[in-house]
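Enquirer: Here is what each chain is made of, one letter per residue.
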Amino acid sequence: MQPDETLDRLLTARLQRGAVVAIPHEQPQADAELAPLLEAAARLDPLREARPSTEFAADLEQRLMARMAGLEQADHVGQTRWSEAPVPALIAPRSLRPAGGTRAPHIPARLVWISVAAALALTIGLGVFTAQAAPGGPLYSVREFAQHVAAQAFPSPTAAAQSALAQASADLAAYQSAIARGDSTAALAALAALRSDDARAAQDISALQDASARKAMQARLAQFRQSAAADLRASLTALDWQGRAQVTDALRAWGATKLRVTQARLISTSGEDSHAKAGGGDLLLTVSGAGFTSGAQVLVNGQPVGETIAVSPAQIKARVASGAVAGSTLVVGVETSDGEVAITTNVRQDGHTAPVTAPAATPGNGSGHGGVGAAPSPTETRGAQQGG
Amino acid sequence: MHHTRGDQRTDPGGAARPTRAGAVGVGMTWPPALPFEQALQRAQAADRQAMGLLYKRFLPVVYRYALARAGDIHAAEDITADTFFVIVERISETRAHDELTFVAWALGIARNQVAMHFRRLKTRPTLRPMTADEADSANWALPGERDPLDVITARESLAEVVTALNCLTEEQRAVILYRAVLDYSAEEVGKLLGKQAGAVRALQFRALGALARALHTAEGDAEALQDHLRRPRRQRKGE
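In the order they appear, the protein sequences are chains U and X.
For the first sequence, the residue numbers in the working numbering are 1034 to 1421.
For the second sequence, the residue numbers in the working numbering are 1214 to 1452.
Next up, chain X with everything else stripped away, as it sits in the complex (with noise of 0.2 Å):
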């Protein structure tokens, strides 16, 4: 990983870091004792725990990005899991050489374990609407939002984003994703993605001025559908 931040950002994922609301990650890590390239040879020579620390290192960042894409829990964690079971039975094949290149590789098998799971949906990505179960178990409920009003309004927050999200071109949502979401810095997206700094910076801003008109727009709608179902049904008809 090339620490832009030095060691102060060892979690890209955000696992570690405490969050706004002081929550912190389940233990996820990095052993700063090891070198993320010695815990890849020998996760490559089959070392169980070296597997272990890459997969409790990695878990969240795999995780978040099958969220935002499939903007379904369940959806989510089957393509985690399908992705780290790709990563264990091709770890040895890859030629990643530091975190940066290991996460492009990661999360290029989990890009295609969405395609895959789209592809199985035969449709363009649909949400579906959580159970109050679902909703409650999900752990990206802040604690504050325990309130079931906090729920439903988190829910539907969530899945406009990812609905926006899904309207943006695949390099605007790349970047928004590694950059806003998954916590890297301009310079690593750009190693991700292959691009200049400067024009992963102007990416970034194009790509969330379309992710507000989307999210704008999303809204708009509700809120005219809103007003709409508030009228009489006299005027309604009169429309």
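Isolated chain U (complex conformation) (with noise of 0.2 Å):
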């Protein structure tokens, strides 16, 4: 027999009689090996003899039956108050409506949440319904609402701009389809929309608390930017001067472009008084701007005029007749060979700002500097006062 059968059996005769049980004498080496075993378990009699006190185990006991007398009365409420209280209404009965009608009418919770989930589904589903919509459309404003909700609903900051980026490669797809038909005033609007959209989501990616989310999502951006930017060049030729003007702002945003204009300036060459001049002579026409290149012509107010002197990458030079530039508003402006334009509205004129009128303002064109329709900026503004 092993020795663990042997103390197991040993044992478990002591435990029966409560004595220890002599070892077998045809194992006398098991003698030495298990008394001490033995004895060990011995040492654990206290704890096997042990028991509870007469006055906490009734005392337990009484606290246990008054936990269960408890519970079995929480079980009781529970029931009644899932299973037998009266369901309210939604409607109170006529009986039970206030007569007289001056207390406030109560208003069930249940309707609440039912208005609240209807209001709810209602712009989920003018979201999915809008989802097409072209910028400029009759449902363009909704769906833009439906964004501004599903924004508010979805916090997070990484899905924002993923929303916003969405957005931008939608109205970009807008604006190549209403290329496509020729619409110019809806490519323009979903260019500025696309704008928007674009500013939005840069704004969301930087606020991105994760680096890695945020070095991901710049990238992105960054990938869109670049495609975008190609089928906005792609797209000059099909505008007139004040789209292409917008186009370049959009690509000068991005960082696409140089070209920009800050400023015109008239001066008569014959020294005389420009007013005398204005029946015909021959005026210089000095644009500063940055981003000029040869090739580069001078616009008023959409034409090419007169004749390029001088070109650098900061300023133009053209001669440019009297009869040219007479009437009310101004607006200079520069053209690359690529189709891209940039004008200002800040023309001075012989130390005399011109009468400057600003064209009434495009929607969605941020842009102070030379956006068509912008209205001047502050700095231009400032400008032609103190040209005056």
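Be aware that one or more of the hints could be misleading.
[Unchecked claim] Pulled a few chain U residues facing chain X out of the computed Cβ check, cut under 10 Å:
1. Asp1037
2. Leu1044
3. Ala1074
4. Arg1076
5. Leu1077
6. Ala1083
7. Pro1085
8. Asp1092
9. Arg1096
10. Leu1097
11. Ile1147
12. Asp1243
In short, the hints are calculated from the structure, not lab data.
Where a beta carbon is used, it is the ideal one built from N, C-alpha and C, also for glycine.
Starting from the two chains in their separate frames, assemble the complex, guided by the hints.
Expert: Take a look at the structure:
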């Protein structure tokens, strides 16, 4: 017999009889080995015979029974609450309605929840229904409202940035579709929406706390802008000079072009009073800015005028017939050989600021410099006032 | 319960079994007229009488387990009370179908309560010396040990045993407690721990050996300390 079996047998006998059982003599070697173990087991006798005091046992039993009674009562109350309690009616019966109508009507909580759910479903449905609404269309404002609600409902910064970028992609698709249809008005509205969503995406991305997520989203934004810039450049020929100016403004905002016009100055070459030369004398038009390249030409109110006599990256000089600058409104611009156009209304004439009347504002054009239809920027306005 | 020894041992806690000093438990005898399975079902149906039967039957089991782990009567009573409150609240959720599986479930709750007790202490179990009143009121002190010297001896012995038990591994401690304190057979301990009976015997052999060594070490330390104190101070300084 193995020692562990012998020990177990001896231990069982000991536990049953309550006394140490003699180790069989046929296993004398087991005596020295098992005796200490049995002695150790015998040391556990106080624990084996320990029992709780009568007072403790009775007190605990009483507390347990009270606890059971409490649980039983709680279960009974719970069943009453959920299965037997009357369900409040959505609309109270006529007999229960307050007479006189002076008290404020009680609105059941269930009705409130149903209203909230209906409003949420309506908003989501509107978002889905107007997802394909093109900028300038009748449902476009509804689409923007649904997007705003969705952005408020899902406040995750990454999700918001992704949503804005997706909207910018949709705006670009709408722009290309409008260009293909020859609808420049819809195209420019889509361009304005594109710039707005792009700016929102950039803002959301910069607010991301996670550096890796921020870098990834910035890479996606840069890739989108590169692709969009190529598409916008390809569409320049389909737009008039004002549209090209808006597209160039967008390209400049993305860093895709450096073309910029800051101011223009008309100088009478004869040194006589400009008003006297207005009948047909030559004028020197100096346009200041950046990104001018060879082949660029000066535009006045969208029309190429005169002869370009000098071009540097920051300045263009052209001789202009006085008849070309006659009129109350002057918009001076520069058009590159690529079709990009930058314009300004900051025009000074022989020390006098030319009368400037800004055209009607175009929605969505947030650029201060040169955008057709844009209100003069504070800088431009200040320059005009100083010139006067 | 798997009655491996028939009806001779209806109380594995030993409460109803006459002790070697002739002491009898606090009347915690399992009624043979009511099978355990029926009592459990009735207790799960919030029958207070059936719950009272289960309580009386398993109170000594839980109490001894708690005392062997905590080594303190008050802590053992707290652990026992907390364990039974959990049992009362969750008895409808237990999947126990016989006495042994119910014991396994109840001792699992007790083990969690012991762990929570030690967590509250934020340290390993340390034994607080009992006061004379506590030792006197401790029913584990046998009638023959009412002598103050016997009480002190028993108290020190219990402290040594519990300290030695806490030096064992979890498995070794469980086997010793189930087998030598709660009086379960090797087969029953195997079912409680999910082991074969042979593995339980082998583990029991190693566990008792480890316990004997731990007790011998503790006694050796105590004797060495006593010898040290018995020597003259001058001789101690020269060491």
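Enquirer: Tell me, which hint numbers fail for this structure?
Expert: 11 and 12
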